[in-house]
Amino acid sequence: MTGLLSRVFRLRWTAVLLAGVMGPGANAADALNGKSLYLNGPVGGGASCTTCHGASPANNVNNIQAAANQPSVIQNAIAANKGGMGGLYNGKFSAAELADLAAFIGNPNVVAAPAASLAPASLTFSGTTIGQTAGPLAATLSNTGNAALNIGTISIGGAAAGDFSVAGGTCANGVAVAAGASCTVQASFKPTAAGARAASLTITHNATGGSSSVALSGTGNATPQATIALSAASVNFGTLLTGTPSLVSTITVSNSGTAALNFTSIALGGANAGIITQGGSCAVAAPVPAGGNCTVTLQALPVAAGAFTASLTLASNASNGNATVGVSGVAATPAPALTATPSAIAFGSQTIGAAAVAQTVTLANTGNVVISFSKIGLSAASAASFSLGASDCGATLAVGASCAVPVRFAPTAEGAVSAALAVSSNATALQVGITGTGTKQATATPVLSETGPIVFADTQVGSSAAAHTTTLSNSGNASLTISTLTLGGNQPGDFVLGGSCVAGGTVAPGGSCTLTTALKPTAAGARSADLLLVTDSGAQFHLALSGNGVAVVITTPSLTIAPQSFDFGAVVIGATSPTRRFTLTNSGSAAVTLASTAYTGPFAAVADSTGCAAFPVTLAPGASCDLVVSYTPVNAGSNSGSVAIQSSVAGSSWTIALSGQGTAGAANAAPSNRGGGGCSASDDVNDPMMVFLVIAAAIAIGWRRRQSKRIGG
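Going letter by letter, the sequence shown gives residues -28 to -1, 1 to 685 in mature numbering (1 follows the signal peptide of the UniProt record, and there is no 0).
No wet-lab data here; the hints were simulated from the structure. Any given hint could turn out to be false.
To be verified - Calculated pairs, EDC-like style, for lysine to aspartate or glutamate (alpha carbon to alpha carbon, straight line, at most 20 Å):
no., residue 1, residue 2
1, K412, D508
2, K492, D580
3, K492, D502
4, K412, D430
5, K347, D364
6, K64, D2
Taking the hints into account, I'd like the entire structure generated from these sequences.
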């Protein structure tokens, strides 16, 4: 029995001594991954290490600190099935994961952090003439840490900061560089003085040190050179008429260099150079001093219909080479065109001797040249019953313009009469037929409050524009009946007709009714229709309706969240709340506004100067920020919750699933060594098996002594 006791003691204390004297091994590559393995168990499935060793290895439960930076200790414990570890973890951890787990045990307070590296340490530009630009040269900012590297500002400082500038690259203010990723920043050099020039490029960030810098240097050369600059790189004359000169276009040519600019040639070339006339103050024999300028004028006179192109080339001693101006335009054959609305007028029956009634004809210039009127008058034998009112049509009508011609009807005899409004101009001759009937009977006199056209404001597809009201009055001495009231034309379905005027309805003498019209486009683009109203007397009225449908593209917000869920693992109630950063990235093509966040469970937002600003937050396409969330358990056991992120666009939201475990901890508990490495049946340093062995040994020793006395006696 004594030999058995001795052997037990030797086995137990040898393991303890070996675990205590083994020196630290090489640090693992990723202690953060080790933390995840400790809290959540092997990737392939298995129990969390917290079951036997508590929420943190810092408490040294069951002497876990013996495995700090010593993956072999963990491997041996699994192989020996200490505390049942073999059954739980045998074959579950790779060698790399054991190294990560040992690294976390050695550094239980590890947190994710970025690490910035900016290379090269200096950028040296070649000698550059004063006023000229060299570069760009690039430096690379790398994030060698394990958390997002948030860039604050990129700036240039130093004695000659004005000689250097940030010229591009993928690094930018407010950009986040993911762990293991990198971005570039480019700098250019434009010396303002001769000699050595120096400055520094500084990038502020949230990594250790707060900023990284690159030294910038270059040499300014004083050799004077001319530099040419143009106020425009191209001239487009638009659409012109053949045989008609364009307006004159002026290009300013500047010398931004330090020496006189001497032209060796200023010439037009290209397929249609012959229709372009060149002028201005720039000339081969007229140098432009440093800081000075001159002008080149261009005018086009097309002789044939179709597109035309040419180019203007200015050859000189400029350090940046020759300058070229592209010239283009389109020529069209003159085509006068005139339209009349309505194309015919029907006055219907009117009482002889009553006051004249009037309708209006609108003349519109729909061609590409000015209309020149030679005659606007009435023709036909019955013209005596018709007359023209005061018109606003002058001798000419500009392209796209319109004017109105009032036509009056006052019958002098019974029966039907007709005439025509004849318009002579440089366009095709135009005639508007006019009809009416004279009667001795009392008649209605329909009058519309306007002649049109009615133009509606641009309206979104599917929506309605504000309604427009037109009044139909009866100034006669008999009732009228509306026989026809309808919409026609190109897109009648895109307009809405309403009001108290209805087909079949009557209007008493001196009475009136209303017509309401509105645009409700079904598609984008120009929409038009024609409202036709005919009375029982034969009177016809037309109202032209028009407007534009506008399609508004509504972009659905797109947000990427990394990670989309997280398990905080076991956390002691009352201990410092662990945090986790969730990167929110706008992966769409339009800016997204995150309006608010809502938390459930024992999770909350953490104010962090390197994280997202206070909500609402707007992220440009490709931009990102970190949402920092803490876990503060108040009850033992499993906890779950979420954070919901709401967009400013209705119906767009995202959810992050959160979980964790709360564990009870003794108040003011100090780190302690509990047991020899595996799971023990006792929570203190006293192994119950050891007590049993000691008692058994004492009994054995007493028995042997009694036997000795008995034998000796």
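Does the structure keep K347 and D364 at a Cα separation of 20 Å or less?
Within the cut-off at roughly 14 Å; holds.
Given the hint that K412 pairs with D430, does the C-alpha gap stay at or below 20 Å?
violated (48 Å)
Proposed proximity, D508 with K412 (alpha carbon, max 20 Å)
holds (17 Å)
Run the distance test for K492 versus D502: straight-line Cα separation, threshold 20 Å.
holds (15 Å)
What's the verdict on K64 and D2, does the C-alpha distance respect the 20 Å limit or exceed it?
holds (18 Å)
Need the status of pair K492, D580: alpha-carbon distance at most 20 Å?
Given pair K492, D580 is violated - Cα atoms ~50 Å apart, limit 20 Å.
Comparing the model with each numbered hint stated earlier shows that hints 2 and 4 do not hold.
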